[in-house]
Structures are given as structure tokens and as C-alpha cells.
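Chemist: Protein chains in written order, with numbering that gives the first Met the number 0: chain S, 0 to 475; chain P, 0 to 473.
Honestly, the hints are just simulated from the structure, not real lab data.
Values in this document were obtained by computation on a predicted structure and should not be read as measured data.
Check the hints yourself; a few may be wrong.
[Unchecked claim] In silico SDA-like cross-links for lysine to any residue, where the CA-CA straight-line distance does not exceed 25 Å:
| # | chain 1 | residue 1 | chain 2 | residue 2 |
| --- | --- | --- | --- | --- |
| 1 | S | K423 | S | N354 |
| 2 | S | K423 | S | L367 |
| 3 | S | K423 | S | I278 |
| 4 | S | K423 | P | L16 |
| 5 | S | K423 | P | L157 |
| 6 | S | K423 | P | H140 |
| 7 | S | K159 | S | D149 |
| 8 | S | K159 | S | V285 |
| 9 | S | K423 | P | R142 |
| 10 | S | K159 | S | A289 |
| 11 | S | K423 | P | R92 |
| 12 | S | K423 | S | A369 |
| 13 | S | K423 | S | E356 |
| 14 | S | K159 | S | H291 |
| 15 | S | K423 | P | R137 |
| 16 | S | K423 | S | V282 |
| 17 | S | K151 | S | S346 |
| 18 | S | K159 | S | L172 |
| 19 | S | K423 | P | D143 |
| 20 | S | K151 | S | A223 |
| 21 | S | K159 | S | S138 |
| 22 | S | K151 | S | T166 |
| 23 | S | K423 | P | T209 |
| 24 | S | K159 | S | M175 |
| 25 | S | K151 | S | N354 |
| 26 | S | K423 | S | Q290 |
| 27 | S | K423 | P | W210 |
| 28 | S | K159 | S | L132 |
| 29 | S | K423 | S | A370 |
| 30 | S | K423 | P | E139 |
| 31 | S | K159 | S | D292 |
| 32 | S | K423 | P | A216 |
| 33 | S | K423 | P | E136 |
| 34 | S | K423 | S | L411 |
| 35 | S | K423 | S | A289 |
| 36 | S | K423 | S | R359 |
| 37 | S | K423 | P | R146 |
| 38 | S | K159 | S | N354 |
| 39 | S | K423 | S | S363 |
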Amino acid sequence: MTLPFTHLDWAAIVPLEVLAATGLLVLLFDLVLRPYAPRALSLGIAAIGTLVTAVAIGQQYGANVAAFNGGYIVGNFSVLFGEVVLLGTLGALALMGRGGAERESAGTIALLLWSACGALLLVAAATTMTIFLGIELLSLSLYCLCGLADRKSAREAALKYLLLSSTASAVLLFGMALLFGASGSVSLAALATPAMVGNPLFWMGSGFFLVGIAFKLSLVPFHAWAPDVYEGAPLPITAFMTVVTKAATIALFARFAYAAIPNGASQMLLLPIWIVAGISMIVGNVGMLAQHDLKRLLGYSGIAQVGYILAALAGTTRLGLRYAFFYLAVYAVMNLGAFAVAAALSSGDAEEGANLENYRGLGSRRPLLAAAMTFFLLALAGLPPTAGFLGKILILAATAGSGFLWLAALLLVGTAISLYAYAKIVMAMYRPDHRVHGTEIGVTPLPWVSLALCLVATIALTFYPILPSGLLPLVK
Amino acid sequence: MLFALVLLPILAGSVLLLMRGEDRRVFRGIGVVVSLATLAIAVAARSDDWSAPWLRAPFVANFHLGIGALAFWLILLLALCTACAILAVDSARPRALVGQLLLLEGAMLGLFVSRDLLLFALFYDLMLVPVFFVLLERGEHPRDAWRYIIYNFAGGLLLLLATAAFGVLHGTTDVIGTVGNVITGAWAPWIFWGFAIAFLVKTPVFPLHTWMPNTYASLPPPVAAVVGAVQSKAGLYGFFVIGLTMMPQEIARYSTALIVLGSISLLYGAVAALVQTDAKRVVAYSSLSHLGLIVIAIATQQPLALAGAALYIIAHGLFTAALFLGLGYVEEREETRSLARLRGIGASNPRLAGALTIAGLAMLGLPGFAGFVGELVIITGIVESGDIVVAIVAIVSVVLASAYVLRLFQGIVNGPVARDLPVRRDLTWREGLAVAPLLFALLYLGVNPHAVLASGAVPIARAPLSSSAGVTTP
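With the rest of the complex left out, here is chain S (with noise of 0.2 Å):
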């Protein structure tokens, strides 16, 4: 008997191993030398290794490679999604670093990069198995991790998570069935045919697909999970889903809308998802408006957020995806800048960094603190001189460029309610507070480190945005 693949189908994956087996080495490490190197042996560790593997993976820019029978594609979509993947594994395992929590340990480290293991074969994949595995390798280490807070809320978050994500799974995974019964084959390259149009499972496998992707994305009407979800688990966790699933997710849609939908089906078939990201950013922003907790409020902002990327891909143009993808490494960072600041203010399993009552009077208790989470949330409402500025204004031109003018419309007045939501915590770091605070929070290096990192990405990409050009999904 011989293998079905050759080297080169191996050679393709060599991130993932490398990814996996630094999950591996972890857990090793961690049972060899525990006594002598705590956490921070098992944080560096992961730390090269999610380094390596961007390096791997950047290494395969301008590769053109259909491994394992067209199940896994490399191509400059993979790398440049696959880097915000690592982008943010790296940016939640920066979180970790701050005091106290021990729970996590290395075997969160391992899930956690196991988790973006599933996120980087899914932003590869290119047929309904690969897709599926990948999203349940990303998904099931995301379970476990939901829950390892020690408080009511992480364990309601990790039930919740469990059970709804399982259902999207459900759903996905019929629209999937019926794909196959549409087209006879698992590759998506299959569907692209111009005897799909005409064919009933087709529109229905597509139907059920996007409405389990819209449940991973928490688009409006599935959106309930989320804040929920966000609040319960974790701080790094949290920022890990917020960026790297939705990351994973935002790649697979665009794999399947721009290379898997026939000439002719795509108008009609995308259309209720544009609508759906419409009506997301104004409900994710006035979702914000009322919230006392910072991870909950960012769970709205994310869902928000997610409308205004799919906005750029609307009309599934060339250069919508190009800023989709800017944007979404913008939010990337824009975010897990927010997050560094709260895990800054945090001392541990308390979180007190996501209380948003504990950000009352920070500009003149933490002066830099309050100034750089400032900086984050206005570039979150898309203020210059940040990067969300400029995605912002290219989202705009690619919107009203492909004729969705009404698209373009609902995000300008998201963009004016999410100003207020924004704002409102700015000023409550601002205004003079006269209560007297309990115990303050030392320096917890790795956050600050992934702070400045943020902020001076932030900046840098507002004059250096990048725009790669050979940004399209393919299927074969």
C-alpha cells in the first residue's frame, strides 16, 4: 500500500506541525521542569514557537500549492490571514504573562495553540472536510478554555459556548451534506459551476452554510452568544476568540463567497448576508452603549467590527478584499491593544481590568494606561491619526465603489453611535473621581510590552497601510 501523498502535500503543512508540535514541547516542558521554571518557561515556548511559525509560513508568500487533493491551498490568502492568526495567538499569550492565575498553565498554553492550529488549517482549507476539521480543532480547545476562570460566569460562558457553537457546527455541517449532495464532491471548487445555479440543494447546502458561519461570526440575528461568551471566559482567551476566530471565520467566508458560489448565484445568495452585516454594526454599537463590563463591551464592538469588514467585501470585489483584510489586522491589533490594557490593570483571576467601573479616574491614578486605552478606543471608532481611520475611509470607498450605498450609509451612523459608546468610558477615566481606590496594580511587563506593540502598529499602519495585491482565495 502506498501513502496517497507525497512530500509536497507534507511540506505545505509544516506551520501547523510546527504549531502542534510547539503545544507538544510545552506540555513536555512543563512535566520535566515544573519545579524550576514556572509559567513563564512554557510562555516563552510558545512564544518561538508561534514566531517560527510565521516565519514558516511566511516563508510560503507567492507559493501556489493545492496539498492533500485541493483540501488545503497555499497561496498568499492563506499566509497573509494565517499571520493575523499568529498575530493574535501571540497578542492572548502576551496576556498571560501578568501576575497570579495559575490555572493557566501549560496546558492552557498547548489548547490555546492548538486552538490556532484549527484557525490556520481553516484559513487553508478548501474543501467542506478540511474546513470542518479545522473548525472543530479551533472550536473544542476554545470549549475547555471558556471555562477555566473560576467564577460562575466562565462556567455558564463555557456551556454557553459549548452549546451553541456545537449547533452553528450542526448547521454547518448539513449546509455541508447538502453541498455534497448538490455537487457530488467535498471540493468547493465543485460548486463554482454554472449547473449549480439551477439546482435546489445547492441554494439550500449555501443557505445552511452561511448561517452557520453567520452563527461563528455572531452576526445580528446569532450575535447573543458573544457578549456573553466574551465576558465569562478568561482575559486572553477572550482576546484570542475576539481576533483569531474571528479572523479563521472572516477567511473562510471570503474563501466561499469570492471562489465557491457560481457567476450569477452570488448576487442573491450574499445578499442577506450584506443585510445581516448592516443590521450588525448599528445593534453591536448600541449594544455597547449599556454595558459595565469591558470584555462584554468589546464583544459588541467585535460584532460590530465583523460588519464592517464583511461591508468591504461587499460586491465581492478584488479590492474589498484587500481592505477587508487591512481592516482586519488593524481590529487585530486595535484590539488586543484594548485587552493588553485591561490585563495590565489586572492582578490575576479578579480581572479587575474588565470592570469598567475601575477605569473611574485613571487618567490621573495611571496616566499612560488611561492615555494608550484611550488611543485604542478611538481608533476603535475609527478617530485619526489611527489605522482605524484610514480602514475605515477604505471600507467606505470600496462599499460605495461596488453601488451598496445604503451599506455604506448604515456604517457611518454606526460609526457616529460606537463614538459615543467609546467615548463614554474616555471620559469616565477623565472626569475627577473622588472615591477612595483599594490596592494598586504593579507593572506586569509582558502586557506593557504588547501595549506598545499595539500602539505603535496602530500608528505605523495608518501611513504604511498594508494593501497586498495578490489577495485572492482560490479553490484549485
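Put chain P on the given structure of chain S with help from the hints.
Modeler: Frame of chain S, contents of chain P only:
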């Protein structure tokens, strides 16, 4: 050089915000030196042009900096006002205030030297941030900060949308200060109104003005001086360099709407100024009235009116800054701004009363000051364009201006010394020095208006009034 012009105040402001200590002399000194340095750089770099690529898709955008004719005068006005405002800072926490003023100066300098619409939009939004923070920290009520940011940010978003649409249609946004970029077609009205509403909010013009009186009244006097004098000109500057050069047909098509809005602002502002009891609000509403006149001048597109508008933009900046600073001194001394309580400054603080009176007379359009020439040239232009009704409205508002200015001074300066208010020492040298340059500039431009009128700030078809216009008696 131009790069340094924008970066210097922004860097200096950021450093000040991160420093410690609250020594008034030191921070005032740093602030004045930095803003005077920007003045010097602006003069030295007047003909510079600097460009670096930014975006290539979906439209070409560059970091293109250069100084246009009107921009040059606005930059001088801005640097002078900032220097004077910083010199007048007398807060117990001066460091952050000076820092924010420098950031504000940097953002507005960026706006005036932008030669690219996208860059223009970036600075247009950026200049809201320092003012918002000053309002949050030092304003009388957080409500004022909200109103300011929401109105202006909404305007900024429209500007952004219009810029994006312009870029997509035209292929490039690197168009400020170059000719041949006139936009026509089905999209032109939408783009025009996107820009126009943003500019009308910023100016402001009735009915988009409701953020303005609260903002000006709530801001500390030095910041109010810079915002009232220069930030309010950002919209008018936009009309000059974007509206008039790229969408003249649209302005002509909607000139009636603009003239009606401008006329309502002109009259409503004057009448409202006449009944305010808060001294700062009198100046705020007078600003609504005066800037309405400039909007009318722009809407007529009459060369003479435009030349007058350019001069009046500068003049209005100078006397508004002087008045806000002067009223700030009054408030510091008497601890109230209420016209019902203030009395007799002339007897207790003659130097302060003198400065206020000169600024006030400049505002009501006394010949000899730049404001008079500006108004005269604008109204002449309006008459030449054939809009007699509008000219009459403008003249009525000039009469009303005399009424509210005199009411303001009748209240504050004249009369016996108020018994129930504290009597403090008169203007110090520093305080006087902060107002004097503004008043001298008003006088200089009053007797030599040609400096601005003939500087090519607007395409002038005919030679405007001769340089002796300023000293003609009515």
C-alpha cells in the same frame, strides 16, 4: 520644513502631556517658544512643497504638504493666536492645557498645509480630539463636550464619505491647490453636500450651530480664543480651497440655499447676541452672525466679495481671540461672566477696559480696523452681484452688531464699580502682552488690507479696493 511645521507642536504637546510638574512660567515659556517657532518656520517655508506617497488604490493619495495663499494667512493667525493664548494661560494646572493647545495647533497646521483631501480629512477629525479633552477635563459640564464631539464628528464622517466618493470618482485626492479638478455629473451634488454640511457644522451656520455657544462658553478662555478664532475657520477654508475650486457649479446651483442659511445666521446671531446675559455667549453668537456673512460672500462667488471674505476671516480671528482672552481676564478677576452683575471695570481696571474696548470696536467694524475693510468689501461685492436684499440684511446686521457690542461694554466697562464683586489688580505686563499683538495686527491689516486682499488668496478678476481703503472715513 513643512513636515517639521506640523510635527513640532504635536511632539512638543505630547511631551508636555507626559511630563510632570505644574510650573506656570516654564510651561508657558515652552509653549510660547514652540508656537513662535512654528510662526518662523511657516514664514521660511512659505514656498516649500513636500510630498510622499500614501495610497495607490482605490485612489491616489499622497502626504502632500504646501502652503497656499489663504492658508499662509491662516497659519500666521493660528501661530499668533496660539502664542497669545498660551501666554495668557493662568490655570492652576497649566501643563496639560499648554500641551493640548500645542496639539490643537499642530492638528490645525496640518489641516492648513494639507494638499490632499484625505490628509485634510484626517486633520479635520484630529483637531477635534484636544478640544474634546479640554472640555471633558475643564468644561463646565460634560454635556458640552458631548455636544461638541457628536456634532463635529458627524460632520467629519460626512467629509470622509465625500472624500472617499471624490477619490473613487476622480482617481486621486491630491487635488488641493491645483487647478482643473472640477467635479461634475450626477454625483457632484451629493459630494458637494457632503463637504458643505461638514463645513457648515464647523463654521457653524444656522441650524447646525447649537453646539457652538455652549462650547465657547464652557472652554477655558485661551482654548476658546484659539477655537473661536481659528478652528471655526476650518470650514470656511474648506469652502475656499475645496468648494470654490472643485465644485463652483454646485455652489452656483445651491447658492440660494447657502445665502438663505447665511442670512438667517447673520440676523439670528446678531439678535441672539443682543439678548444674552453671559458675556462669552455674546461673543459666541456674534461669531455666528459674522461667519454667516462670509458664507454669503462665498455663495455669491463674486470676486470682490471673496477677497473681502479672505480678509474678514483673518480679521474675525484676531478680534475674536482678543475678546475671548479679554473676557477671560474679566472672569478671572470678577469670578462671573454675567452681564447683570458685571459693572465698572473701566474705573477699577482701566488697562483691561481699554484692551476690551479696542477689541470690541474692531468687532463692530470701526474704520481703521481690519474688520471694517472686510465688511465693506464683502458688502460691496454682494451689491455688485445684484443681491440688494442680502446686502440690506448684511447692513442691518452691522447696525445690530454696534448695538450688541455697545450693550456688552455698557454692561462691563461703564458705570460705578460693582460693590458685590472683588476688585483685583489691573492687567499685568504678561496679560497685556498676550492681547496686544492681536490688536496691533488688527490695526495693521486695517490700514494695509492690501496685504491679504491682493495676496492671491482668491482668484481675483479685478483689482480690489486700493490699499488706502482702510483709512477712508464713512
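Chemist: Looking back at the hints listed earlier, which ones does the structure fail to meet?
Modeler: Nothing - there is no hint that the structure violates, so all of them hold.
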